[in-house]
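Novice: Letter by letter, the chains look like this.
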Amino acid sequence: MLPELSHEEILRYSRHLLIPEVGLEGQRKLKASSVLVIGTGGLGSPVDLYLAAAGVGRIGLVDYDVVDTTNLQRQVIHGTSTVGKLKVDSARARMLDLNPDIQVDTYNEPFTSENAMRIAKDYDVIVDGTDNFPTRYLTNDVSVFLGKPNVYGSIYRFEGQASVFYAKEGPCYRCLFPEPPPPGLVPSCAEGGVLGVLPGTIGTIQATEAIKLLLGIGTTLVGRLLIYDALDMTIESVRLRKNPNCRVCGPNADIHELIDYEAFCGVPGHDHESGSAGAGWDIDARQLAELLTEPNPPLLLDVREPHELEISRLPKEVNIPLGSLASRLPELDSARDMVVFCKGGTRSARALELLVSAGFKKVKNLKGGINAWAKEVDPKMPVY
Amino acid sequence: MPVLRIPTPLRVYTGGQSDVTVSGVTVSAALADLTARHPDIRPHIMKDDGELRAYVNLFRGEENVANLQGLQTPLAEDDRLRIIPSIAGG
Chain S
7 MLPELSHEEI LRYSRHLLIP EVGLEGQRKL KASSVLVIGT GGLGSPVDLY
57 LAAAGVGRIG LVDYDVVDTT NLQRQVIHGT STVGKLKVDS ARARMLDLNP
107 DIQVDTYNEP FTSENAMRIA KDYDVIVDGT DNFPTRYLTN DVSVFLGKPN
157 VYGSIYRFEG QASVFYAKEG PCYRCLFPEP PPPGLVPSCA EGGVLGVLPG
207 TIGTIQATEA IKLLLGIGTT LVGRLLIYDA LDMTIESVRL RKNPNCRVCG
257 PNADIHELID YEAFCGVPGH DHESGSAGAG WDIDARQLAE LLTEPNPPLL
307 LDVREPHELE ISRLPKEVNI PLGSLASRLP ELDSARDMVV FCKGGTRSAR
357 ALELLVSAGF KKVKNLKGGI NAWAKEVDPK MPVY
Chain U
183 MPVLRIPTPL RVYTGGQSDV TVSGVTVSAA LADLTARHPD IRPHIMKDDG
233 ELRAYVNLFR GEENVANLQG LQTPLAEDDR LRIIPSIAGG
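Chains as they are written, first to last, in the working numbering: chain S, 7 to 390; chain U, 183 to 272.
In isolation and in its complexed conformation, chain S is listed as follows (with noise of 0.2 Å):
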């Protein structure tokens, strides 16, 4: 049996009621049913907000982490007064501001192998809003193990993707992507940089898919991904099909169980720097500006892109971008001293991996980048 609406909201859901495709049977289908929202950051923005107007009955939100200024940039769903609070709470209460006869239930805690299938298992629909490759590959095993659909958005730059990977009846992730990239050849927002518009448009194209399928109506993206481009302002998609050597979903699937995830992507799952390159490899901002007032400083090595300079830079810094560093090498002394740095650690602690691959070992990598000298060293100097 299906929920009755008040006549306050059959008057709130009056454009949808219109609609022959939702109607008032769909709109209680809506009110009967749940999604699960992984992640509530960019693409969790509007698909929390959309699926909260729309009243679904009942959205569960998963994060762990607190409001950033630097969130605010595109995620549109906390404001400048949330700075600081809890994600799932901020989120919380605009949703119910949006719409209050919504049921919104929050888990403050990283959506893991231990946690995840006790806190998807009650869910409709599952849509991936998650900033990393650990958390895509656990929401995926998870949607298939529990039989449900995994709505799916990634962005990157200028890029996204999106798709509903739904293993009863079509493709999942992994029948896409069966291995992660290698740990650092993608990088992520926090070092690459996203438009801020993006996870507006491709989290927009999540929510819509996630109604279809609660109401059951129209195609979905099962077994199409669809490619956006917003520099080029284009939309193509690109048929996807069942891989019969999927581990998870083919005939022969040998992983039947959720698993160490950080270890399958050997990259932690969250898309936070930690700014080191490990153990005895690091220095800090202050021992760096010691350093440099000795009569040999060390040679200052910025692996940032040249525009990055015009926000920040060291004084006699040499620019070599992290993608051109391999080709560039013969231009370094290998029996100087050197020490690397980028905005928050990440790319220079590639940087000096690569470095000492190439034989160079009197290397350091300032760790917390140019933004840890910014705050421990320099305040005049901004954080970005």
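Simulated from the structure, these hints should not be mistaken for laboratory data. Accuracy of the hints is not assured; some may be wrong.
[Unchecked claim] Here are the in silico distance ranges between beta carbons for each label pair:
hint, chain 1, residue 1, chain 2, residue 2, range
1, S, Met-387, U, Met-183, 42 to 50 Å
2, U, Ala-218, S, Arg-124, 47 to 55 Å
3, U, Glu-233, S, Arg-247, 14 to 22 Å
4, U, Gln-251, S, Gly-272, 29 to 37 Å
5, U, Gly-197, S, Tyr-70, 18 to 26 Å
6, S, Asp-343, U, Val-185, 19 to 27 Å
7, U, Glu-233, S, Ala-269, 20 to 28 Å
8, S, Pro-321, U, Glu-259, 53 to 61 Å
9, U, Thr-203, S, Leu-30, 50 to 58 Å
10, U, Asp-230, S, Ser-333, 53 to 61 Å
11, S, Asn-251, U, Ala-258, 24 to 32 Å
12, S, Glu-296, U, Ala-218, 43 to 51 Å
13, S, Asn-302, U, Val-207, 34 to 42 Å
14, S, Pro-388, U, Met-183, 40 to 48 Å
[Stated by the list, open to error] Over 12 Å on every C-beta distance to chain U, these chain S residues come out as not near it, computed from the model:
hint, residue
15, Thr-75
16, Asp-107
17, Lys-127
18, Val-192
19, Gly-224
20, Asp-260
21, Pro-321
22, Met-387
Just so you know, these numbers come straight off a predicted model, no measurement behind them. Note that the Cβ used here is the ideal one computed from N, Cα and C, for glycine as well.
Put chain U on the given structure of chain S with help from the hints.
Specialist: Same frame as chain S, now just chain U:
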């Protein structure tokens, strides 16, 4: 000649180019042409033996070449190839 669409994360290896015109009557020949002109991209899409890496998906038009004839998939003059990258941002 066929055009190969380079995804954003790999454009650092093609001098920022998003569309690269390639010559060749098979996918394999087209990739050989691409990697001859942009050698830095090779290790990111191919293994040493020339096979595509497991996280690289190459499509001819709407179809994954893995579902066609793999690297031997024939190419016509007006075909469009596209590398679908694995991206994780959200």
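Novice: Each hint should be assessed against the structure and marked as holding or not.
Specialist: Hints, one by one, checked against the model:
1. Met-387(S) x Met-183(U): 42 to 50 Å: holds (48 Å)
2. Ala-218(U) x Arg-124(S): 47 to 55 Å: Because 53 Å falls inside the window, the suggested range holds.
3. Glu-233(U) x Arg-247(S): 14 to 22 Å: Since Glu-233(U) and Arg-247(S) have Cβ atoms about 20 Å apart, the given range 14 to 22 Å holds.
4. Gln-251(U) x Gly-272(S): 29 to 37 Å: About 32 Å separates the Cβ atoms of Gln-251(U) and Gly-272(S), which means 29 to 37 Å holds.
5. Gly-197(U) x Tyr-70(S): 18 to 26 Å: violated (40 Å)
6. Asp-343(S) x Val-185(U): 19 to 27 Å: The hinted range 19 to 27 Å is violated for Asp-343(S) and Val-185(U), with Cβ atoms some 47 Å apart.
7. Glu-233(U) x Ala-269(S): 20 to 28 Å: holds (25 Å)
8. Pro-321(S) x Glu-259(U): 53 to 61 Å: Cβ of Pro-321(S) to Cβ of Glu-259(U): about 54 Å, so the range 53 to 61 Å holds.
9. Thr-203(U) x Leu-30(S): 50 to 58 Å: Check passed, 55 Å falls within 50 to 58 Å.
10. Asp-230(U) x Ser-333(S): 53 to 61 Å: violated (19 Å)
11. Asn-251(S) x Ala-258(U): 24 to 32 Å: holds (29 Å)
12. Glu-296(S) x Ala-218(U): 43 to 51 Å: Roughly 49 Å apart at Cβ, these two residues keep to the hinted range, so it holds.
13. Asn-302(S) x Val-207(U): 34 to 42 Å: Violated: the Cβ-Cβ distance is about 59 Å, outside 34 to 42 Å.
14. Pro-388(S) x Met-183(U): 40 to 48 Å: holds (46 Å)
15. Thr-75: holds (18 Å)
16. Asp-107: holds (28 Å)
17. Lys-127: holds (23 Å)
18. Val-192: Non-interface label on Val-192(S) violated, nearest chain U Cβ at 5 Å vs cutoff 12 Å.
19. Gly-224: Its Cβ never comes within 12 Å of chain U, the nearest being 20 Å, so this holds.
20. Asp-260: holds (16 Å)
21. Pro-321: holds (27 Å)
22. Met-387: Consistent with the label, Met-387(S) stays out of reach of chain U, its closest Cβ about 26 Å off (over 12 Å).
The structure fails hints 5, 6, 10, 13 and 18 (numbered hints given earlier, in ascending order).
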